[in-house]
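Novice: 210 is the number that the numbering used here gives to position 125 of the sequence shown; each next residue is one higher, with no gaps.
Rather than coming from a laboratory, the hints here were simulated on the basis of the structure.
Mixed in with the good hints, there may be bad ones.
[Claimed, not checked] Computed spacing ranges between beta-carbons, pair by pair:
1. Asp278 to Glu257: 24 to 32 Å
2. Arg150 to Pro114: 28 to 36 Å
3. Gln245 to Phe117: 13 to 21 Å
4. Asn95 to Thr168: 19 to 27 Å
Glycine is no exception: its CB is placed at the ideal position from the N, C-alpha and C atoms.
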Amino acid sequence: MDVRIAALRNSLSRADAMQIHDRITRLPPARFANRRLHLPCIIFAVKKLSVQDLGSGQGNRYRARVSGIGYVELQTSDRLPSTEPRKLILVHPWIRDLRDPLDGFTWGTGSDSDESDSDPGSSPSSPSHVLPVAKMDDYTRALRLVARLRQPFHALLLQQQPNGEFKRVAAEHDIIVPGHERQINLARDIHVDVVEIL
86 MDVRIAALRN SLSRADAMQI HDRITRLPPA RFANRRLHLP CIIFAVKKLS VQDLGSGQGN
146 RYRARVSGIG YVELQTSDRL PSTEPRKLIL VHPWIRDLRD PLDGFTWGTG SDSDESDSDP
206 GSSPSSPSHV LPVAKMDDYT RALRLVARLR QPFHALLLQQ QPNGEFKRVA AEHDIIVPGH
266 ERQINLARDI HVDVVEIL
């Protein structure tokens, strides 16, 4: 991680790194409302979609050109709109793991175990079990988040419906997005929002 951060420090300005960090960490938590999932996520637009193989036993193979990522291959029995790729988005759900574990304090061993997992007779953790963590400046914290964003991740493919909501497609196989090393372009690559999913 330190090597990645050192490389980013030479290529990503403090202002850009802080802007990425602030946009992502200000996302609200996921929630269900009106029988829909409101999912905070990082959104990558699908620019082009081509069919690589039709009718194999595992479904169709597609190759998507995705803004900010490059090419991603996926397999599904769903018929994807290859003539209208802009109806598709690839999303990186906002998960707590992207938050910096070194930001603030760590309770006990640092795990997020529920109280229900503890022994019935044991007492809950107290502030005496809080372990202080080395201080970190905001720029380094922002660079750590960007470095984690560049690591491989599991993505969801969503298709926009006529009413503007989204529906998950190609759900039967994992979509793994490889890490990439090129510099992030804020205007083009990092778009964060809450997506409403049926």
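Novice: For every hint, state whether the structure bears it out.
Specialist: Results for each hint:
For aspartate 278 and glutamate 257, the hinted distance range of 24 to 32 Å is satisfied, since their beta carbons lie about 26 Å from each other. Range check, arginine 150 to proline 114: Cβ separation about 31 Å, and the 28 to 36 Å hint holds. One distance hint, 13 to 21 Å for the beta-carbon pair glutamine 245 and phenylalanine 117, holds here, with the actual separation near 20 Å. The hinted window of 19 to 27 Å between asparagine 95 and threonine 168 is violated, with their beta carbons roughly 42 Å apart.
Hint check: a violation occurs at hint 4 only; the rest are consistent with the structure.
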